[in-house]
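In order, the protein sequences belong to chains A and B.
So the first sequence is numbered by this note's numbering: it starts at 1 and just counts up by one.
So the second sequence is numbered by this note's numbering: it starts at 1 and just counts up by one.
By construction, these hints were calculated from the structure, which means they are not laboratory data.
None of these values were measured; they are calculated from a predicted model.
Worth double-checking, as some hints may not be accurate.
What the hints assert, rightly or not - With a straight-line cut-off of 35 Å between C-alpha atoms, the simulated DSBU-like cross-links for lysine-lysine are:
id	chain 1	residue 1	chain 2	residue 2
1	B	Lys38	B	Lys57
2	A	Lys11	A	Lys116
3	A	Lys120	B	Lys57
4	A	Lys11	A	Lys120
5	A	Lys116	B	Lys38
6	B	Lys189	B	Lys229
7	A	Lys11	B	Lys57
8	A	Lys5	B	Lys38
9	A	Lys116	A	Lys5
10	B	Lys57	B	Lys189
11	A	Lys116	B	Lys229
12	A	Lys5	B	Lys57
13	A	Lys11	B	Lys38
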Amino acid sequence: MTQVKMTVNGKAASGEVEGRTLLAQFLREDQGLTGTHIGCDTSQCGACVVHVNGEAVKACTMLAIEADGANVDTIEGQADADGSLNVIQQAFQDHHGLQCGFCTPGMVMSAAALLKENPKPSEAEVRHYLDGNICRCTGYHNIVKAIMAASGQDVSAIAAE
Amino acid sequence: MYNFDVERPSTVAEAVAAMGRDEAQPMSGGQTLIPTLKARLAAPSVLVSLGGIEEMKGVSMADGLLSVGGGTTHAAVAREAAAHYPALAGLAARIGDPAVRNRGTIGGSVANNDPSACYPAAVLGSGATVVTNQREIAADDYFLGMFETALDEGEIVTGVNFPVPQAAHYEKMIQPASRFPLVAVFVAKFSDGLRVAVTGASNNGVFRWTEAETALAADFSADALNGVKADASEMISDLHGTGAYRAHLVNVMTKRAVAAIG
Ligand SMILES: Cc1cc2nc3c(=O)[nH]c(=O)nc-3n(C[C@H](O)[C@H](O)[C@H](O)COP(=O)(O)OP(=O)(O)OC[C@H]3O[C@@H](n4cnc5c(N)ncnc54)[C@H](O)[C@@H]3O)c2cc1C
Ligand code: FES
Ligand code: FES
Chain A
1 MTQVKMTVNG
11 KAASGEVEGR
21 TLLAQFLRED
31 QGLTGTHIGC
41 DTSQCGACVV
51 HVNGEAVKAC
61 TMLAIEADGA
71 NVDTIEGQAD
81 ADGSLNVIQQ
91 AFQDHHGLQC
101 GFCTPGMVMS
111 AAALLKENPK
121 PSEAEVRHYL
131 DGNICRCTGY
141 HNIVKAIMAA
151 SGQDVSAIAA
161 E
Chain B
1 MYNFDVERPS
11 TVAEAVAAMG
21 RDEAQPMSGG
31 QTLIPTLKAR
41 LAAPSVLVSL
51 GGIEEMKGVS
61 MADGLLSVGG
71 GTTHAAVARE
81 AAAHYPALAG
91 LAARIGDPAV
101 RNRGTIGGSV
111 ANNDPSACYP
121 AAVLGSGATV
131 VTNQREIAAD
141 DYFLGMFETA
151 LDEGEIVTGV
161 NFPVPQAAHY
171 EKMIQPASRF
181 PLVAVFVAKF
191 SDGLRVAVTG
201 ASNNGVFRWT
211 EAETALAADF
221 SADALNGVKA
231 DASEMISDLH
241 GTGAYRAHLV
251 NVMTKRAVAA
261 IG
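Looking at chain B on its own, in the form it has when it is part of the complex (with noise of 0.2 Å):
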């Protein structure tokens, strides 16, 4: 790891001004970045570490949408969300591990966009927005491909807004040497319509899985997926799982998250 200076703003504000200094980086819970600096594939002059920003904490619901703070970590909001919105909760509480639930964020994992990160299919799956120091971004608008997203340079998460649906859940197939997923679906039924999030499966990073959303919004049933096909083309291939493997997987997550919403 090269060295760098280390700036550990306490407001929002503190934190856009450090950013203005060359070739800064802001850094969450460090759970993806400090591997990242010690393979020496980012070098930035300056950390920006937003740990010690409280305002950027915590978890919140008002008028059916569940406000989470980018500084939260997987493990509060497994704790606080759960009584809002259980498979948000759920999928906080099975990243990872526990250690690196204690220190990872939502705002980290949305920045970062892993194409096999948990949270953009909760985040996408929901139709959430993606709160930044600037603006407000819809998910549709906001992932952008693998590691790519609509932030632009400097900009800091600072929350994520979730409208919270009827029922929703969250089907992992888990990777065991990472303990990210293999493949997982995230399937979210609202009032007026219904979402499903896919990660882990495609070169292009979390997508919504519109056949599904098709067949599912005239039959919400398992077996109204029967048949339904991802594009393997479109998948990973890698010495976890062909393309093929992934996009049939793509179709068994789903049926199990539909089959656990009931």
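Okay, chain A solo, but in the shape it has when bound (with noise of 0.2 Å):
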């Protein structure tokens, strides 16, 4: 076992791991931030992203000892500091951008990595972000509008299916 140190939404996080110990299992099982969900666990479909050192990686395809000393963010710390939902969750429910719920940690941190690159993206690049991210129930069109929404853009003349 190796002693693990990270920051997690801030805070100082640490544990012990074994090697294979994964960065989602970690979070979700040592520090009980059930919050970074495991879809697939085969890299495929995005529920477990969180972000190292402000990057957007699957939680899932990353060793926590690998995460050894990195700043991590994951859905528990999106919230505003008074609690209420920030801007890109808030978004998510005035356009429903969710249904089950199960992608959405996964949509709403991509969602964060994709408006620090790039604060004002069209309709294309917030699909060719979401390459990654995979949702069983909304159809995606509702995810963009939300993602849309959330980077203050006017999203009235997209549809809503």
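Relying on the hints, combine the two individually framed chains into one complex.
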């Protein structure tokens, strides 16, 4: 076992891990942060997306040891300081960007990474950026709409199907 | 996944030393290796994580040669190579998805030599040189077949040096379930010749399509490829497409790449 230390959502976190312990497993099982979902465990679905040193990664495809010393952000740290939903989360609620909610943590984390890199993406750019996030429920339209709205753009012309 | 020890060297020399341990295997982004470990298709005793080796990261340009460190992520190549070699940056920007691009590296991709991977097409199509901790290997001598390369046991890809062509284009027909290419073609035009490299198509992995190179040397236009056929008997046949379909796509992707270069 190896001791790892990282900053998770701004707070110091540490634990004992095996070589093979995945970051997703460390977050969920060791830290109790079960908002990071495991949809596929094969690097396909993006439900497990978190930010490591500000970059979106699939927590099911990174070893916890490799995040030693890193800054990790998960869905649990996304709400504003007073506990209210942040702009992206609120837009998902307002525009019906989720149904069962299973993909949502990864969608919100990917959206946050996109908007940091590209604050006013086009609809095509949003769709392209979500290549690695699979949703079985919504058909994506309302997710795309929510992300466009969160970026401050007018979404009245985007069809809601 | 069976358990293993993890070594985190911070220099190439330390990585080479760690690779001396019994049943050691290098890992870069882990975007191919971690799924492989989960499927128990690999079971090293020691994983040597190359992610902390700063000397293997970054892109630099000197004397018409673009050097990309083996540990440079796809996302970093997409950003940092854009001004020097747009076709290469464009290829990197379309590998997988953003999260894969933030972890996956050129060294891992070139070492793995997946028959459908993107980078091998750029490396072979540019006539690049693969640099390891021991030697430099010309692309033409490096790719030996599906998942096979000239690398020796324990040899580490530390970088790739690309001669920058006058013009180049990578045309990728995406296989939407995996986001790998179904078939993709890299065409590069140099002052002293041209190269056409094909990935995703052949049972022998990435290859130079010499018939197309000959036709294009005489007349660099999409029409010059009318009637030039890739050999369907060499092509991968699977649930995503037959060999004949892939052979057809090789021609179409090459034409599109040539047309894009103009
Ligand atoms: C959802 C998804 C979509 C993808 N889509 C594409 C795509 O469209 N196109 C594409 O080309 N690829 C694609 N990939 C693969 C991705 O690009 C991988 O990042 C890449 O193939 C391997 O790079 P890595 O750094 O992750 O290597 P790793 O997974 O760490 O290693 C791969 C292999 O190379 C060895 N190795 C690693 N680094 C070195 C080194 N420096 N020297 C010697 N040996 C080394 C390892 O031991 C292992 O055998 C995709 C992957 C996923 C999960
Ligand atoms: S659980 Fe990580 S990509 Fe699906
Ligand atoms: S809301 Fe159910 S998977 Fe996306």
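For each hint, the structure was consulted:
no.: 1; hint: Lys38/B x Lys57/B; verdict: holds, 27 Å
no.: 2; hint: Lys11/A x Lys116/A; verdict: holds, 22 Å
no.: 3; hint: Lys120/A x Lys57/B; verdict: holds, 30 Å
no.: 4; hint: Lys11/A x Lys120/A; verdict: holds, 30 Å
no.: 5; hint: Lys116/A x Lys38/B; verdict: holds, 32 Å
no.: 6; hint: Lys189/B x Lys229/B; verdict: holds, 21 Å
no.: 7; hint: Lys11/A x Lys57/B; verdict: holds, 29 Å
no.: 8; hint: Lys5/A x Lys38/B; verdict: holds, 24 Å
no.: 9; hint: Lys116/A x Lys5/A; verdict: holds, 26 Å
no.: 10; hint: Lys57/B x Lys189/B; verdict: holds, 27 Å
no.: 11; hint: Lys116/A x Lys229/B; verdict: violated, 46 Å
no.: 12; hint: Lys5/A x Lys57/B; verdict: holds, 24 Å
no.: 13; hint: Lys11/A x Lys38/B; verdict: holds, 30 Å
Violation of the numbered hints given earlier is confined to hint 11; every other hint is satisfied by the structure.
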